[in-house]
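Trainee: Which chain is which? The protein sequence lines are R and S, in order. Quick note: the first sequence uses this note's numbering, first residue 1, plus one each step. Quick note: the second sequence uses this note's numbering, first residue 161, plus one each step.
No wet-lab data here; the hints were simulated from the structure. Just so you know, not all the hints are guaranteed correct.
[Said to hold, decoys possible] Simulated restraints on C-beta separations:
hint, chain 1, residue 1, chain 2, residue 2, range
1, S, P778, R, D70, 40 to 48 Å
2, R, N135, S, L807, 24 to 32 Å
3, R, G80, S, L807, 23 to 31 Å
4, R, N135, S, S810, 16 to 24 Å
5, S, Y203, R, R47, 44 to 52 Å
6, S, D669, R, L159, 46 to 54 Å
7, R, R47, S, T805, 44 to 52 Å
8, S, D742, R, L65, 39 to 47 Å
9, S, E673, R, R47, 40 to 48 Å
10, S, P778, R, V66, 49 to 57 Å
[Said to hold, decoys possible] Subject to a maximum C-alpha distance of 30 Å in a straight line, what follows is the list of computed DSBU-like cross-link-like pairs (lysine-lysine):
hint, chain 1, residue 1, chain 2, residue 2
11, R, K122, S, K677
12, S, K773, S, K697
13, R, K88, S, K697
14, S, K489, S, K395
15, S, K685, S, K467
16, S, K685, R, K88
17, R, K122, R, K53
18, R, K160, R, K53
19, R, K88, S, K808
20, S, K489, S, K527
21, S, K685, S, K304
22, R, K146, S, K677
23, S, K808, R, K91
24, R, K92, S, K808
[As the list claims (entries may be wrong)] Residues on chain R that point at chain S, a partial pick, calculated with CB under 7 Å:
hint, residue
25, G80
26, K81
27, T84
28, A85
29, G136
30, A137
31, P138
32, A140
33, N141
34, Q142
35, G143
From the three backbone atoms N, C-alpha and C, an ideal C-beta is built for every residue, glycine too.
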Amino acid sequence: MVKSLKFLALVISLIVFSCGERDKKEESSYGKKEPLKTEKKEPASKRIELSNKGVGPITSVDLGLVVDQDMATHGKEIYGKMCTACHKADKKFIGPSPTGILKRRSPEWVMNMILNPEGMTKEDPLAKDLLMEFNGAPMANQGLTKEDARAVLEYFRTLK
Amino acid sequence: MKTILKSTVALLTILVAFSSCNNSEKSGSKSGALAGNVAEKVYVAPGEYDSHYAFLSGGYSGNITVYGLPSGRMFKEIPVFSQFPTSGYGYSEETKPMLNTSHGFIPWGDSHHPDISQTNGEIDGRFIFINENNTPRIAKIDLKTFETTEIIEVPNSAGNHSSSFVTENTEYVVAGTRFSVPIPQRDMPIKDYKGNFKGALSFISVAPETGNMAIKFQVLMPGFNYDLSHPGRGKSHGWFFFTTYNTEEASTLLEVNASQNDKDFIAAINWKKIEAYVNNGGGTMMPANYAHNLYDEDTHTATSTMKKEVRVVNPSEVPGAVYFLPTPKSPHGCDVDPTGEYIVGNGKLSANLTVHSFTKMLDAIEKEKFAGEAYGIPILNFEDVLAGSVEQPGLGPLHTEFDGKGNAYTTFFISSEVVKWKLGTWEVIDRKPTYYSVGHLTIPGGNSGKPQGKYMFAMNKITKDRYLPTGPEMEHSAQLYDISGDKMELLLDFPTHGEPHYAAAMRADLIMERSQKIYSLEENKHPYAAKSDADTKVVRKGNEVHIYMTTIRSHFSPDNIEGIKVGDKVYFHVTNLEQDFDVPHGFAVLGQNNSELLVMPGQTKSSVWEPTKVGVWPFYCTDFCSALHQEMQGYIRVSAANADTPLKWSMGEDIE
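So that you can see chain R by itself, here it is in the shape it has in the complex (with noise of 0.2 Å):
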């Protein structure tokens, strides 16, 4: 009986020993609180990184001072099979919109994105922002040999 009382001042003391606690904390926030920061972060897809190659299988690309034409129709094809469950030409849909891509991404990234994407949104900063941007869609791994993926780029120069 006496054991039990004991136990039940120690469990009593302890909740009004935390509870003292959260009143104290309570308190010392009171009228002190920060304003919410406002300032908007601008979007990763919006962010420009040129030299960033990103994670993957390709380390350099030579764009040629003119589109190559045939690769770009043979990488329209790929792009319409492979990718468009996803992204659109003219719009951001479940993905980002190629069109203007290289304006905000080296080459060597983009391929890298559609070669290595689990890599990519592992260990890419922007990729992995791009992820949380776009709801965690994840890119798909279609699959694509380094050619086809080469080829799909070239699409890309064509987009205006």
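Based on the hints, put chain S in the right spot on chain R.
Mentor: Chain S only, in chain R's frame:
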């Protein structure tokens, strides 16, 4: 005070338990799980792979389950003869034809004996064949995809049990009938069985490249029961051996009436001889009606064709092709050792195991030493063909496998044990209990010239107290043994699904390297595939509506559909646009009265839905596919039969 006493007693008990444990180990009786290193032998660390695949028949589940050895972990259930709502097999429009038979659509089967294809007497890991016992059929599973790709019905057969075993180069997969029946089937008194019923043994050819099956010929044997079979190999390649029982030809109370004869037979069939006869135009084409169901991997669609005749051969037409080897008593298993010399007949009701010699058989045939004949088929003398017998090894022998090191392992159903014995000397080397009432056993590489004798597992019929109770119905139990030493060592006990009659197992490497990861969207030739967003559409043909739909993480296209009416037959043709390993999407619509679809990357599957109620009904992805899986949904609007709601579909914008 009382508590002190109690705890002292408890402590003592524990001490006693531990010390007795030590004693037993010291005395060398390494009894299975008590041996210290057993756990290590079956432990496959997280992320690591098992060394062997095991393919267990599901018996009355109609399917095959895939396990890893030595861990005993189940990886997959492959639907074969039964509808499988998990994937939509047998429910989807593409796979319904797989279950077509001459008796119509049959949603269920009783799968028995899987056997892996072979090249030069070694298992090659390309295909697994398995028999359906009840409505006789043989199925082929392609181990590239682990999918059932072909099923052929076996006419004139009934109780397709002495099946489905392959010859040394997979020339044939052989299917023998357990029950004899009138051939052709006709209306006749059952009591007139004797002399009138026949047993058909079917030799189904397997095309070397595609694996496609065709019944080359059927041997019409006397009206016995043909229980199990195995091919000759090595020196006996070209022969096939079948155990028989009910040579009494009883049609009622077989448990008594089929146990009268002191000896039944092993039928030895020289299939090469019959094949040559048939290739020269021998045999008779008889009218028949049986289904041949073939799954096309390009169109992802099965077709069922009814075959209208089958070639039959009467043994008397081909002298020297069929012989009977007397074998005591109601033999069950019929197993041929890796060299092809020994044919083991496990007489269920016999005290001894009988082993015949192929060499002695040939010798007796050559010298024409016959004891008599049955329906024109010569019977050899028991003593002339006997290689030896294992004396009183146990009770109720069923099946024998070999380790490739000169040893045989036989299961004993009644005495619940596996007995290891030596070929040639017939001495018993070891015996280990099983839990309980073992049927088949499997050694990886079992039915081949080169068994991979490291493990053996026993598949038991009775489970009782092996696991936590699960009510009156329990899964069966299997036990895995290490057979690399002189004595068998019990390693593991694992539950199995359905009733595994037999299993085929092999080293993992050959299968692993061929295993397919996705279906190529490029090569998808399904007539209703939507291979990109541009192909999605909804087409009405009378009251049939075809929806060409795509899935990719994480949306359907289209996901809003209107203009469907009560009374329509709506076909959802779902193509999964993903091209990445292990990204399936599922499809289900409210009120779907067949099953969901589980669509692999690059694959197209179709489900038919016949809405009965006006309303707006949701459909959704059943397989958690991404962080936005819960968003992967759509609506289909069903209007009254006489409504004029226009047919519309969309994704990403509102209709109207």
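Trainee: Does each hint fit the structure? Answer for all of them.
Mentor: Okay, the hints, checked on the actual structure:
no. : hint                        : verdict
1   : S:P778 x R:D70: 40 to 48 Å  : holds (46 Å)
2   : R:N135 x S:L807: 24 to 32 Å : holds (31 Å)
3   : R:G80 x S:L807: 23 to 31 Å  : holds (25 Å)
4   : R:N135 x S:S810: 16 to 24 Å : holds (20 Å)
5   : S:Y203 x R:R47: 44 to 52 Å  : holds (49 Å)
6   : S:D669 x R:L159: 46 to 54 Å : holds (47 Å)
7   : R:R47 x S:T805: 44 to 52 Å  : holds (46 Å)
8   : S:D742 x R:L65: 39 to 47 Å  : holds (42 Å)
9   : S:E673 x R:R47: 40 to 48 Å  : holds (44 Å)
10  : S:P778 x R:V66: 49 to 57 Å  : holds (51 Å)
11  : R:K122 x S:K677             : holds (23 Å)
12  : S:K773 x S:K697             : holds (23 Å)
13  : R:K88 x S:K697              : holds (18 Å)
14  : S:K489 x S:K395             : holds (27 Å)
15  : S:K685 x S:K467             : holds (26 Å)
16  : S:K685 x R:K88              : holds (26 Å)
17  : R:K122 x R:K53              : holds (15 Å)
18  : R:K160 x R:K53              : holds (22 Å)
19  : R:K88 x S:K808              : holds (21 Å)
20  : S:K489 x S:K527             : holds (26 Å)
21  : S:K685 x S:K304             : holds (19 Å)
22  : R:K146 x S:K677             : holds (19 Å)
23  : S:K808 x R:K91              : holds (22 Å)
24  : R:K92 x S:K808              : holds (23 Å)
25  : G80                         : holds (6 Å)
26  : K81                         : holds (5 Å)
27  : T84                         : holds (4 Å)
28  : A85                         : holds (4 Å)
29  : G136                        : holds (4 Å)
30  : A137                        : holds (6 Å)
31  : P138                        : holds (6 Å)
32  : A140                        : holds (6 Å)
33  : N141                        : holds (4 Å)
34  : Q142                        : holds (4 Å)
35  : G143                        : holds (4 Å)
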